[in-house]
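Chemist: Given next are the chains, with one letter for each unit.
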Amino acid sequence: MPREVDGMSLLMETEGMGVRPSLDGCIKCTICESACPYAAVTERFPGPKTVGPQEERFRHGPLSADWSVDYCSGCGICSRVCPQDVRIAEINSRARAQLKEQRGIPLRDQLLARPDVMGRLGRPIRPLFNWAMGTPLVRFPVERVIGIHRKAAVPTVAPRTFQQWARRHPRRPAQDRVVYFHGCSTNYFEPRLGRMVVAVLEHQGLAVEIPQQGCCGLPLQSNGNFPAARTYATRLARQLRSAPSEVPVIASSTSCALMLKREAREILGVEDPALVDVSQRTYDIFEYLRDLHEQGRLKTDFVPVELTVAYHAPCQQQNQLIGKPALDVLALVPGLKLVELDRDCCGVGGTYGIKREKYEISMAVGAGLFSDIKHTAPDLVLCDSETCRWHIAKATGFPVIHPLELLHRAYGGH
Amino acid sequence: MITDALVIGAGTAGLTAGIRLARGGLRVTVVASGEGCLPLASGTIDVLGFAPEAVQSPRGALPGFLDANPEHPYRISGLAGLEQSLAWFVKTTEPLGYHGELSRNQWVPTVLGGLRPTALVPRSMAAADLGAGGEVLIAGIRGFRDFHPALLAANLGRAAAAPAPAIRTRAVELEWPGSAGDMPPFRLARRLEDPEIRRRLAAQLHSQLGDATAVGLPAVLGRERAAEVHADLEQRLGRPVFEIPGLPPSLPGLRLFDCMRRALLDAGGRLLMGSTAISATHHRDTVDSVTITQASRPVKVSTGFVVLATGGFATGGIVRQPDGQLQEPVFGLPVHGLAPGQEPFGDVYLAEHPLDRVGLSTDAEGRPLGVAGGPHAVNLYAAGAVLAGALPWREKSGEGVSLATGWHAAEAILSGRREDAA
Numbered sequence: 001m002p003r004e005v006d007g008m009s010l011l012m013e014t015e016g017m018g019v020r021p022s023l024d025g026c027i028k029c030t031i032c033e034s035a036c037p038y039a040a041v042t043e044r045f046p047g048p049k050t051v052g053p054q055e056e057r058f059r060h061g062p063l064s065a066d067w068s069v070d071y072c073s074g075c076g077i078c079s080r081v082c083p084q085d086v087r088i089a090e091i092n093s094r095a096r097a098q099l100k101e102q103r104g105i106p107l108r109d110q111l112l113a114r115p116d117v118m119g120r121l122g123r124p125i126r127p128l129f130n131w132a133m134g135t136p137l138v139r140f141p142v143e144r145v146i147g148i149h150r151k152a153a154v155p156t157v158a159p160r161t162f163q164q165w166a167r168r169h170p171r172r173p174a175q176d177r178v179v180y181f182h183g184c185s186t187n188y189f190e191p192r193l194g195r196m197v198v199a200v201l202e203h204q205g206l207a208v209e210i211p212q213q214g215c216c217g218l219p220l221q222s223n224g225n226f227p228a229a230r231t232y233a234t235r236l237a238r239q240l241r242s243a244p245s246e247v248p249v250i251a252s253s254t255s256c257a258l259m260l261k262r263e264a265r266e267i268l269g270v271e272d273p274a275l276v277d278v279s280q281r282t283y284d285i286f287e288y289l290r291d292l293h294e295q296g297r298l299k300t301d302f303v304p305v306e307l308t309v310a311y312h313a314p315c316q317q318q319n320q321l322i323g324k325p326a327l328d329v330l331a332l333v334p335g336l337k338l339v340e341l342d343r344d345c346c347g348v349g350g351t352y353g354i355k356r357e358k359y360e361i362s363m364a365v366g367a368g369l370f371s372d373i374k375h376t377a378p379d380l381v382l383c384d385s386e387t388c389r390w391h392i393a394k395a396t397g398f399p400v401i402h403p404l405e406l407l408h409r410a411y412g413g414h
Numbered sequence: 001m002i003t004d005a006l007v008i009g010a011g012t013a014g015l016t017a018g019i020r021l022a023r024g025g026l027r028v029t030v031v032a033s034g035e036g037c038l039p040l041a042s043g044t045i046d047v048l049g050f051a052p053e054a055v056q057s058p059r060g061a062l063p064g065f066l067d068a069n070p071e072h073p074y075r076i077s078g079l080a081g082l083e084q085s086l087a088w089f090v091k092t093t094e095p096l097g098y099h100g101e102l103s104r105n106q107w108v109p110t111v112l113g114g115l116r117p118t119a120l121v122p123r124s125m126a127a128a129d130l131g132a133g134g135e136v137l138i139a140g141i142r143g144f145r146d147f148h149p150a151l152l153a154a155n156l157g158r159a160a161a162a163p164a165p166a167i168r169t170r171a172v173e174l175e176w177p178g179s180a181g182d183m184p185p186f187r188l189a190r191r192l193e194d195p196e197i198r199r200r201l202a203a204q205l206h207s208q209l210g211d212a213t214a215v216g217l218p219a220v221l222g223r224e225r226a227a228e229v230h231a232d233l234e235q236r237l238g239r240p241v242f243e244i245p246g247l248p249p250s251l252p253g254l255r256l257f258d259c260m261r262r263a264l265l266d267a268g269g270r271l272l273m274g275s276t277a278i279s280a281t282h283h284r285d286t287v288d289s290v291t292i293t294q295a296s297r298p299v300k301v302s303t304g305f306v307v308l309a310t311g312g313f314a315t316g317g318i319v320r321q322p323d324g325q326l327q328e329p330v331f332g333l334p335v336h337g338l339a340p341g342q343e344p345f346g347d348v349y350l351a352e353h354p355l356d357r358v359g360l361s362t363d364a365e366g367r368p369l370g371v372a373g374g375p376h377a378v379n380l381y382a383a384g385a386v387l388a389g390a391l392p393w394r395e396k397s398g399e400g401v402s403l404a405t406g407w408h409a410a411e412a413i414l415s416g417r418r419e420d421a422a
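These protein sequences, in sequence, are chains A and B.
Under this note's numbering, think of the first position of the first sequence as 1, with each following residue one higher.
Under this note's numbering, think of the first position of the second sequence as 1, with each following residue one higher.
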């Protein structure tokens with residue numbers, strides 16, 4: 001009879017291998033290099049294998065061979081395509097942090113790494129901030145002095161935070177509860193998205209809890225400040241743990257979801273029990289809705305949406321290894337014509353493509369995606385990640401929204 | 001997660017099965033722990049090159065070859081199934097323009113200047129068949145470390161075995177127009193999609209053409225716009241241009257991967273790259289779910305059918321336990337091909353090892369055998385390099401086996417469903 005293999009113990013074995021020792025599995029097949037969208041367009045980044053498993057041999061303590069690892073955007077495609085399970089992107093992320101520790105983190109990167117601080121500082125001077133960021137005459141000196149590229153997409157600060165709205169939003173009692181992890185972007189820049197997430201979840205008959213919450217630390221991690229990132233991630237996990245242990249944590253920011261699920265543990269090495277617990281029950285919003293549908297519990301009282309929409313799955317969403325659940329769920333909406341954009345990376349890499357020295361690389365990486373979008377000429381572009389949405393919208397001129405906004409509309413929302 | 005058919009592995013066998021099943025109306029999920037063999041492959045379709053002497057006609061040689069190798073995976077599809085799978089492949093990869101005849105192998109140059117037999121080549125290698133001799137110019141790019149035209153040309157001049165006509169070769173090294181930085185093949189390929197770069201390369205080549213009837217170049221002629229790059233160079237040079245695949249990463253293999261992945265998505269299939277299948281659950285004689293890894297916790301994928309296309313020992317489809325036991329890791333299937341107590345490795349590194357022939361044995365339909373001797377499950381099929389009985393690198397049969405068995409696994413599933421419906 002069929003033999004059961006103990007899957008869990010196999011998984012533990014792989015996890016136990018750790019990030020750095022995994023480079024021993026590298027057979028130099030170059031699959032990661034040929035899949036890397038950054039190495040393809042710039043000589044400044046020699047490729048994930050070269051700066052990763054290869055250069056790692058020359059890194060002893062604080063010493064690093066050169067700066068090139070800073071031109072990795074952290075998209076993680078290399079780790080996903082590696083057939084030998086080498087944690088290439090994770091090795092490179094750690095190497096970058098080591099480099100920064102040694103040489104210091106520029107003021108600009110310190111700033112970009114703290115969206116919560118930017119949001120908090122920007123809100124009192126909101127009209128000025130939003131005007132300044134939209135005005136080329138201001139963006140030129142900003143580029144010269146701070147190093148944020150004048151053409152890079154920068155979000156606008158919303159008049160009220162999502163948390164302010166959530167505090168007044170009446171909590172609906174229901175048997176099934178979920179915790180909503182909204183992230184900084186929803187709080188300061190796109191509170192509308194948060195309200196729609198709550199509406200869609202409540203429409204399923206769920207009680208939505210929205211604890212006070214800070215930044216997950218991902219931008220700090222990708223800008224090389226690991227100590228601060230660890231503090232942020234641990235604090236957030238404790239905040240989200242306010243509900244009992246079986247309650248799922250639902251995230252609408254896909255890169256922040258991945259931070260909780262894996263990166264804080266794997267890259268930062270956080271072992272706090274709160275984080276370990278939360279990472280096991282964090283769900284991407286569409287991953288959760290797809291599960292509901294497969295259990296026959298998703299409401300399907302949709303109104304037809306007669307639109308052509310093109311969907312781009314961002315890297316950090318793909319790195320969750322959950323497939324493309326937004327496509328699975330939106331396929332249920334009548335009238336909707338869904339086009340799957342078969343591209344890996346838009347090029348922005350969180351805060352990578354905003355930087356003066358990397359903007360052109362970022363645009364070259366995204367060129368294929370932008371041209372596919374223009375060729376498809378959809379009514380709307382859908383993408384789960386906020387920084388990618390802003391980048392794609394700015395680069396193509398097409399409106400780019402979170403797929404959840406479309407689902408909200410399909411439920412008759414406005 | 002729920003799917004009608006789960007394919008484990010995204011190499012030639014897995015993608016073939018996945019595309020066919022998706023076109024057949026099933027919800028298909030292809031899960032792969034990484035990109036499979038294709039980014040490393042030459043992009044040609046080998047069917048049978050040595051049996052063990054050089055094969056001129058795979059169609060002619062296959063019946064005798066199967067008689068001599070009754071456990072060979074080709075027995076699952078049979079010759080007819082193999083031919084159907086090749087025809088299906090040519091149609092599915094139409095943008096790449098594969099061509100060739102099962103009745104005649106083509107002899108194409110290797111990057112060291114040897115000649116090797118293969119059945120189908122993409123359009124970019126249409127002029128690479130030097131089996132009938134020829135006058136070729138081999139052009140490299142100075143600074144590109146993986147392609148040495150003088151070495152290649154010299155060896156190629158000696159490669160043609162009598163009574164085949166001679167291959168007359170000349171070598172030239174071109175100056176790359178632009179930055180002389182590091183030149184990985186994928187970046188060269190992308191740069192060559194710029195017409196200005198091509199114009200300047202072609203201008204250098206033009207004066208060197210002489211009597212050459214064809215020009216061989218390293219296989220870096222574009223990725224997304226490869227057809228345009230190739231056609232443009234032929235037009236500028238006024239004679240056939242062919243690619244010579246070399247060290248990985250291989251652009252012809254990557255183009256094939258791009259093309260098949262796109263065909264899977266176009267057919268409505270899903271590709272889950274980076275997840276590893278780790279275990280399965282069964283109900284009576286049926287596999288009902290496979291557990292795969294995700295970023296934070298494994299998830300069960302409920303499925304009606306499974307195609308196991310995880311490759312051989314080199315890609316983790318077969319693993320060796322610390323106690324020396326060989327095993328298929330997802331279902332715990334027994335591995336055949338090694339006698340009890342037989343050492344898996346020989347003494348000479350670059351020679352045949354007993355381990356090379358191990359793999360899964362199947363029933364006549366391609367269902368792998370379990371520990372009890374019969375099929376492990378009624379809805380589990382195996383395809384590609386995970387199968388026992390072939391020695392692809394020696395036979396030159398790798399792509400043929402993967403296509404034929406991947407195609408056949410889908411055929412068995414689809415025809416089973418048709419019978420159920422009738």
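No wet-lab data here; the hints were simulated from the structure.
A couple of the hints might just be wrong.
Stated by the list, open to error - Capping the alpha-carbon separation at 25 angstroms, the derived lysine to any residue pairs in SDA-like fashion look like this:
#	chain 1	residue 1	chain 2	residue 2
1	A	K100	A	F58
2	A	K28	B	H353
3	A	K28	B	D266
4	A	K374	B	P95
5	B	K300	A	L332
6	A	K28	A	D85
7	A	K100	A	R356
8	A	K374	B	E228
9	A	K299	A	P173
10	A	K28	B	E228
11	A	K28	B	P248
12	B	K91	A	R343
13	B	K91	B	E101
14	A	K394	A	R343
15	A	K337	B	D266
16	A	K374	B	D258
17	A	K151	A	L332
18	A	K28	B	P392
Predicted, not measured: the structure shown is a model, and the values here were computed from it.
Chemist: Work down the list of hints and note, for each, if the structure agrees.
Modeler: These are the hints, each one checked on the structure:
no., hint, result
1, K100/A <-> F58/A, "17 angstroms, holds"
2, K28/A <-> H353/B, "22 angstroms, holds"
3, K28/A <-> D266/B, "32 angstroms, violated"
4, K374/A <-> P95/B, "22 angstroms, holds"
5, K300/B <-> L332/A, "22 angstroms, holds"
6, K28/A <-> D85/A, "12 angstroms, holds"
7, K100/A <-> R356/A, "18 angstroms, holds"
8, K374/A <-> E228/B, "21 angstroms, holds"
9, K299/A <-> P173/A, "18 angstroms, holds"
10, K28/A <-> E228/B, "31 angstroms, violated"
11, K28/A <-> P248/B, "9 angstroms, holds"
12, K91/B <-> R343/A, "24 angstroms, holds"
13, K91/B <-> E101/B, "14 angstroms, holds"
14, K394/A <-> R343/A, "18 angstroms, holds"
15, K337/A <-> D266/B, "14 angstroms, holds"
16, K374/A <-> D258/B, "21 angstroms, holds"
17, K151/A <-> L332/A, "38 angstroms, violated"
18, K28/A <-> P392/B, "22 angstroms, holds"
The structure fails to meet hints 3, 10 and 17 from the earlier list, while all remaining hints are met.
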